[in-house]
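Based on these hints, arrange chain B on the given structure of chain A.
Same order as they appear, the protein sequences are chains A and B.
Just so we're aligned, residue 1 is where the first sequence starts under the numbering used here, counting upward by one.
Just so we're aligned, residue 592 is where the second sequence starts under the numbering used here, counting upward by one.
Careful, some of the hints might be misleading.
[Claimed, not checked] Only pairs whose alpha carbons sit at most 30 Å apart, straight line, appear in this in silico DSS-like list of lysine-lysine:
| id | chain 1 | residue 1 | chain 2 | residue 2 |
| --- | --- | --- | --- | --- |
| 1 | B | Lys599 | B | Lys690 |
| 2 | B | Lys627 | B | Lys690 |
| 3 | B | Lys593 | B | Lys655 |
| 4 | B | Lys655 | A | Lys98 |
| 5 | B | Lys599 | B | Lys627 |
| 6 | A | Lys60 | B | Lys593 |
| 7 | B | Lys599 | A | Lys60 |
| 8 | B | Lys627 | B | Lys655 |
| 9 | B | Lys593 | B | Lys627 |
[Claimed, not checked] Where chain A lies over chain B, by a calculated footprint (3+ residues, C-beta under 8 Å):
| id | stretch |
| --- | --- |
| 10 | 601–612 |
| 11 | 623–636 |
| 12 | 676–690 |
If you are wondering where the hints come from, they were derived from the structure by calculation, not from laboratory data.
The C-beta atom is built at its ideal place from N, Cα and C for all residues, glycine as well.
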Amino acid sequence: MASIPTHFGQTCTQELPCDVVAASELSRGAREFFAQAGFTATESDAWELALAEAANNAVKHCRPDARHLAIRVDLLVTPEWTEARVTDHTPGFTMPEKAELPPPDSESGRGLFLIQNLTDEAHYLRGRGENCLVLRKQRSPTQEPPALPPPSATDELREAQRTLDLMTEELASSYESLSAIFRFCAELQGSVVSDEFIHRWLDQLLTLTESDWLVLRLCDRSPQQLRLVATSAQAGRCEVVCREIAATAADSIEAQAASQRRDVWFDASSPLAPKDPLRQLGEPGCGFARPLCVNDTLLGVLSIGRRDGGRAFNAGEVSVVQTFGDFFGLQIRSTQMQEEQFRSRLNLRDLEIAANLQRTLLPEQLPSVPCLTLAGFYRSAREIGGDYYEALPTADGNVLLVMADVMGKGLPAALFAFMFRSLVRARPELASRPGEFLAWLNEHLFPELDRAEMFLTAQLAYFDCQRGEIRVAGAGHLPMLVARSTSEVQEIAAGGPPLGIFAAASFPEERFLWTGGRALMFTDGLIEARNPGGELLGLDTVRAALAEAARGDESCDTIRHRLARLLQEFEQGTPPADDTAFVVITRTSAN
Amino acid sequence: MKTQSQAKTLTLSDITELNAANSATLRDEARAALQKDLTTIDVNLSQTRFVDSSGLGMLIALHKTMVGRGGSVRILNPTPSVQQILELTRLHRVFEIVKTT
Chain A
1 MASIPTHFGQ TCTQELPCDV VAASELSRGA REFFAQAGFT ATESDAWELA LAEAANNAVK
61 HCRPDARHLA IRVDLLVTPE WTEARVTDHT PGFTMPEKAE LPPPDSESGR GLFLIQNLTD
121 EAHYLRGRGE NCLVLRKQRS PTQEPPALPP PSATDELREA QRTLDLMTEE LASSYESLSA
181 IFRFCAELQG SVVSDEFIHR WLDQLLTLTE SDWLVLRLCD RSPQQLRLVA TSAQAGRCEV
241 VCREIAATAA DSIEAQAASQ RRDVWFDASS PLAPKDPLRQ LGEPGCGFAR PLCVNDTLLG
301 VLSIGRRDGG RAFNAGEVSV VQTFGDFFGL QIRSTQMQEE QFRSRLNLRD LEIAANLQRT
361 LLPEQLPSVP CLTLAGFYRS AREIGGDYYE ALPTADGNVL LVMADVMGKG LPAALFAFMF
421 RSLVRARPEL ASRPGEFLAW LNEHLFPELD RAEMFLTAQL AYFDCQRGEI RVAGAGHLPM
481 LVARSTSEVQ EIAAGGPPLG IFAAASFPEE RFLWTGGRAL MFTDGLIEAR NPGGELLGLD
541 TVRAALAEAA RGDESCDTIR HRLARLLQEF EQGTPPADDT AFVVITRTSA N
Chain B
592 MKTQSQAKTL TLSDITELNA ANSATLRDEA RAALQKDLTT IDVNLSQTRF VDSSGLGMLI
652 ALHKTMVGRG GSVRILNPTP SVQQILELTR LHRVFEIVKT T
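For reference, chain A alone in the conformation it holds in the complex:
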């Protein structure tokens, strides 16, 4: 075994063929090396056994196709601590946090337990084709290192220096990646991940791993789509990578990594598919795609590589990419959660504004009008809707009753209801011609409704007190129910399409004499109320209730209470899906 003093300490590298005899010789040789470096017998014994177990595992579990490859052992001794690295070609394993002893009669399964108990730290870095077991142990404090022997030969020195360079480089990259993570953590301080952060992050990773290119995709819009978010600093050629790939794309290793939730590698022996989007980078050489997941939720894919001729990634570099990727995934998730929170706060604010708007829409009290008594009812569903009603006395002593229902909920619905009300109030001279009024309203609301892909239904009823006549026109609205004291309930369903469907539409009106009785205007929330069994209240039930009220000559308020009770008893606590509005109308006198 070679040994050489440097200002860092002593190093030793040995490559052994894949057999147990060579592994035994190696651990014996290591013991001599440690003894020469001034270790106590106990320390040397412990290292001999730990290395024997590590080397035996590397031999026993070596992949059949890799038996011709050497197993490498690097030793580094400083005055404070000792480190050993055993690079194997096994399929790899997951290092348990604390290896347990097997049952006492088991003939195997004690190797990892011994390794963990004989050293202070044991890490297993998994790479492609090779893995690295890193063991560390503090030096015994009473130990005085003996005078180190002088270098024996120049080539020995060069060999040892090379080994040391490799090891310190790997160590340095681990520490650098850790310190980079801490630095970025401090910078972020709970703020969201910005494009600038992502680019600096990727630049750092590119430098640490000596890679040529990086591609980051996130599935932030849909779990089925991987959207290009960033490419490496040497992005001249990366700009051509396609913007979006389906997570199911068969030709893409990025999609494979996403769907299989594992690292997918490529190199000269297993090249990228001819149509793999990463091929647009030129000759991608070798590398891998790593899925970014947090708690089984896929957030994106990070791909990294070296161009043709570049060396394969070693276990230490893979570990850096994995650590960076895991940390980055956590940052992305945390940003997403902050955004979701922000959005839900926005929605709450949106609802608050809509609720305020709606409160101003509905009259606190219906006005008293000459020949009618009115009683209105409004109940909002869980969200804000766009139901609206109003009674507008006209200059000629009559009254226009308006009932409307905007499709949808929330702020847009409330805004359209508001617009509708403003327009209705703008043209009082049209009140006596409800059909024409609706046509005019449609003409003025159509552009906005059409753009928003919304519509509204409405009903206008002009009560001519002098003539005892009602003129009704509807726009896709439910019929008005009219009960005369002595006859059945009539449905007045005249009208045209909802507002916002056609740029120009006509709205026929119906006129009829109404000298007494009860009438009801309402929105669909009334007849579409549901009971716990899911049944609808229905128009017939409402008609029957109105007929009964008319027969009993009930007052406006009594009828409102009757209908409200009917709703309550029918629903039995089932939460309403839609807003409910109705206005009960009774004729006060025949004038």
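Positioned in the frame of chain A, the structure of chain B alone reads:
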């Protein structure tokens, strides 16, 4: 490794190492020397400077063979480092450890 039978005991001695490279061979040699009437194997580890997990496995294999015939394996005079490994892996509770010196 030396093997010696006396009364109902087979003694194994002169073992420098019990490791992955030699434990299977030593186990087979011991079993080959195991006559029918023998009920105890004494493994003399006084010369043994190194035992790894494969060596421990070999001792357990012999122990199972002897338990199968109503006997046992005893460890004679293990060196301090080997004694330490037996204790670390709690196998000092499985084997009777006999110290004669």
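For each hint, the structure was consulted:
For the suggested pair B/Lys599 and B/Lys690, the alpha carbons sit about 19 Å apart, so the restraint of at most 30 Å is met. Pair hint B/Lys627 plus B/Lys690 holds up; C-alpha atoms about 27 Å apart against a cutoff of 30 Å. A hinted pair counts as satisfied when its Cα atoms are at most 30 Å apart, and B/Lys593 with B/Lys655 qualifies at roughly 21 Å. Between B/Lys655 and A/Lys98 the alpha-carbon distance is near 28 Å, which keeps this suggested pair within the 30 Å criterion.
Restraint check for B/Lys599 and B/Lys627: satisfied, since their Cα atoms lie roughly 9 Å apart, inside the 30 Å limit. Of the pairs offered as hints, the one joining A/Lys60 and B/Lys593 holds, with about 28 Å between alpha carbons and a cut-off of 30 Å not exceeded. In summary, the hint linking B/Lys599 to A/Lys60 is not supported, as the alpha carbons are separated by about 37 Å, beyond the 30 Å threshold. Taking the CA atoms of B/Lys627 and B/Lys655, the gap is near 15 Å; set against the 30 Å cutoff, the hint holds.
Of the pairs offered as hints, the one joining B/Lys593 and B/Lys627 holds, with about 19 Å between alpha carbons and a cut-off of 30 Å not exceeded. Residues of the stretch 601–612 of chain B with a Cβ under 8 Å from some Cβ of chain A number 4, which satisfies the need for three, so the listed coverage holds. For the stretch 623–636 of chain B, the stated coverage by chain A is violated: 0 residues have a C-beta nearer than 8 Å to a C-beta of that chain, whereas at least 3 were required. Interface restraint, the stretch 676–690 of chain B with chain A: holds (7 residues with C-beta to C-beta distance below 8 Å; minimum three).
Hint check: violations occur at hints 7 and 11; the rest are consistent with the structure.
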